[in-house]
Amino acid sequence: MNGTTARMAPLREQGLNSWRRVTPASALAVGLIALPCLFWILASWPGNLTEDSLATITQIREGRYDDAVPVPYTLYVQVITFGGRFIPGVMFVQCALVSAALYVLGRSLGARQKAAVGIVAVMMATPVGGLFACMAWKDVPFSALILIGLAVLLPVGGGVT
141 MNGTTARMAP
151 LREQGLNSWR
161 RVTPASALAV
171 GLIALPCLFW
181 ILASWPGNLT
191 EDSLATITQI
201 REGRYDDAVP
211 VPYTLYVQVI
221 TFGGRFIPGV
231 MFVQCALVSA
241 ALYVLGRSLG
251 ARQKAAVGIV
261 AVMMATPVGG
271 LFACMAWKDV
281 PFSALILIGL
291 AVLLPVGGGV
301 T
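The sequence shown runs 141 to 301 under this note's numbering.
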């Protein structure tokens with residue numbers, strides 16, 4: 141091991157240890173957190189769509205990729221919606237992803253499991269959290285992945301001081 145690798149080993153180990161907090165009970169808690177999103181999904185059935193969302197569905201159904209929507213997001217929507225036939229699938233997956241991201245971030249900041257579940261459930265019940273998570277919009281999964289990345293980096297950097 142060279143000097144840089146030796147110095148980075150403890151940091152990597154701390155980052156990996158933060159993921160050990162995610163247990164089967166935690167996964168169940170994330171599922172329970174996503175329940176408030178069912179209200180938003182049902183309230184906006186068959187889906188909360190933007191102009192970009194409609195362009196993505198059109199691209200999937202017609203096979204023409206001529207919009208500014210990123211191709212990875214279009215492929216993600218294509219897989220989740222079974223070729224554009226089940227639009228609410230996007231809302232279910234994105235709601236679960238945002239809930240998981242918020243939960244993991246809360247836990248990495250030091251919140252206890254019950255507190256993290258309660259806070260995230262309240263956040264997902266509000267229009268700002270739940271409606272955003274249930275919107276078929278390309279920024280939702282990218283935002284959730286940024287939160288998960290932040291949750292991984294916080295323990296490596298020593299947390300919030």
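It should be emphasised that the hints constitute simulated quantities derived from the structure, not laboratory data.
Among the hints, erroneous ones may be present.
Unchecked claim - Beta-carbon label-pair distances, calculated as ranges:
#  : residue 1 : residue 2 : range
1  : Leu-194   : Ile-286   : 35 to 43 Å
2  : Arg-201   : Arg-252   : 23 to 31 Å
3  : Gln-218   : Ala-251   : 32 to 40 Å
4  : Pro-164   : Gly-289   : 18 to 26 Å
5  : Leu-194   : Leu-285   : 17 to 25 Å
6  : Gly-258   : Leu-293   : 37 to 45 Å
7  : Leu-215   : Glu-191   : 16 to 24 Å
8  : Leu-194   : Ala-165   : 37 to 45 Å
9  : Gln-218   : Ser-184   : 39 to 47 Å
10 : Leu-175   : Arg-204   : 32 to 40 Å
Predicted, not measured: the structure shown is a model, and the values here were computed from it.
Even glycine gets a Cβ: it sits at the ideal position worked out from N, Cα and C.
Practice prompt. Taking the numbered hints from earlier one at a time, note which ones the structure violates and give those numbers from smallest to largest.
Written response: Those not satisfied are hints 1, 2, 6 and 9.
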